[in-house]
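S.K.: So the sequences go chain by chain: F and H.
9 is the number that full-length UniProt numbering gives to position 9 of the first sequence; each next residue is one higher, with no gaps.
215 is the number that full-length UniProt numbering gives to position 215 of the second sequence; each next residue is one higher, with no gaps.
Just to be clear, a hint being listed does not mean it is correct.
[What the hints assert, rightly or not] Derived lysine-lysine pairs resembling DSS-like cross-links, with alpha carbons at most 27 Å apart:
| hint | chain 1 | residue 1 | chain 2 | residue 2 |
| --- | --- | --- | --- | --- |
| 1 | H | K95 | F | K61 |
| 2 | F | K156 | F | K197 |
| 3 | F | K156 | F | K61 |
| 4 | F | K129 | H | K308 |
| 5 | H | K308 | H | K154 |
| 6 | H | K95 | H | K308 |
[To be verified] Covered stretches of chain F (in silico footprint by chain H; criterion: 3 or more residues with CB under 8 Å from a CB of chain H, positions within the stretch not fixed):
| hint | region |
| --- | --- |
| 7 | 68-77 |
| 8 | 86-99 |
| 9 | 103-110 |
[Claimed, not checked] According to the in silico footprint, chain F covers these stretches of chain H (three or more CB under 8 Å from chain F):
| hint | region |
| --- | --- |
| 10 | 169-181 |
| 11 | 223-229 |
In short, the hints are calculated from the structure, not lab data.
Even glycine gets a Cβ: it sits at the ideal position worked out from N, Cα and C.
The primary structure of each chain is shown beneath.
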Amino acid sequence: MSEVLLHLQGVTGGYGEADILHDVSMEVAPGEVVVIVGPNGAGKSTAMKSVFGLLNVRGGKIIFDGQDLTGLRPDEVVQRGVSYVPQTENVFPSLSVHENLEMGAYLRNDDISDALERVYGLFPPLREKRRQAAGTLSGGQRQMVAMGRALMLDPKLLLLDEPTAGLSPLYMDQIFSIVREINALGVAILMVEQNAKQALGIAHRAYVLVDGTNRHDGTGQELLDDPEVAEMFLGGGKPAAGDGSGAAE
Amino acid sequence: MLEFVNFYFIPGLVLGCIYALGAIGVTLTFGILRFANFAHGEVMMVGAFLTWTFMDFMTGAGLALHPLVAAIPAVVIAIGVSVFVDRYFYRPFRKSSPIIVVIASFGMMLVLRSLVQVIWGPNQITFVKGIAKPNGAIREATSDMGMMILVPDKHLLIMVGTIVIMLAFNYILTSTRMGKAMRAVSDNPDLARTSGINVESVIRNIWVIGGFCAVAAGVFLAMDTQFIESTMGFRILLPIFAAAILGGIGRPFGAVAGGLIIGLAEELVAYPWIGDAPLISPGYKSGIAFMIMVVMLIVRPSGLFRGKVF
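Let's have the full structure, built from the sequences with the hints guiding it.
M.R.: In structure tokens form, the structure reads like this:
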């Protein structure tokens, strides 16, 4: 890990008065897939939102590509090469699929047809539905629109908040393989995932958060093999997935 | 039949056009800023007064300006006022509860109306002097049944003007980057922000479009009634809110449909549907919009076009 793309340095903060994150530190290297796992209410989504200026950060720093992101507005963060896909309400329902993608490229003034082609290449079903209102699509297809929108600016880092929450197993597999494909294009990915086993399977590295603090970190395989982690999330035949409502923590 | 078209349907459409233009601004600000803008009627009124002032000034200089020409500088000033008011009176409350901004807009309504009363006085002013041509201004068209449908020039102008503004508005919303961003912000402001859309600049443009349509509505209303007064905006605020709710909050095309329906309903209920007397006395006209609004809020608060419910 000589080079660091994103560095959370001891971040403390929350939405209102109370702190949800306590001294959380994380690193993402260029081209890496990093997964955040942890029980409900552990601050996983919150940690991700702190990068995006959606949080009152009261302590620590967020460094991206050598620049300090702490306290920037979301549109300023996007401009610097980070895109974010929220867990829910992540498409503009009354806009067509095509218009959703155009909104992803709002900051670009140049020709966006290459970026559109790339997104339609990654998500072939979207091409047929490009004139359809995004609100009429199925959950899995919406997730594709949301990820496509986030890719329109050619980000260096993509933040995904529980991209498989509420999806059927078929779509889950599809989303995981698309995450791999996006990563293969050279985009680093920081992802929160309830579906810990599958997520750790594709992760280069992972962090385990508990009660808003760092508990473990290591490569995906190390965590899969760690008995404590296994007990916490992967254990005893019980599915690791929660109820998918972890966004509000 | 002919009487119905000439004296009920056409005036209903004209009134509907005026409501529709007013409702566009209300539904845009309601959808994006989440508050019912009580000062919207006053922007219409200010626009009509400014238009009259330019006409009056140019008449003094020996030049008779058409209201629609005099409305051009009025639009520019009214938009400036709208953007200024938003920047200094509403923006500080962006993160407050919507009711705070509603009250701020109520205050702004009183401020604007009082200002107009200080400058122009509280009395009615005749809008179009000396061009009242009751018969000369009637356009004659013959329908295939050999009967006459009479549309006064001013009504024709109002309807054509509204259609032109609607087409332009439709083009902006569906085919320009800013228009699509407006719809995106209306759908989901947080997601718009995280997509890199500058929401504040979108909001400024909302005031520009809303202000433009409001002045058009005010001038059209003045052309129709041929007078202006400081309470004219407030009087049509209720049917405009009703139109915005009927169409669905945040749905500009819904607001247009809602405006036309309310305008037509207000005129058509006075038609002698049963017997010779008006079905409902024209005196109760303004109650119709209120009734539609109440029924809509109870039965289908999201409106005809599935707007937002707050």
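S.K.: When the structure is checked against the list of hints, which entries are broken? Sort them ascending.
M.R.: 5 and 11
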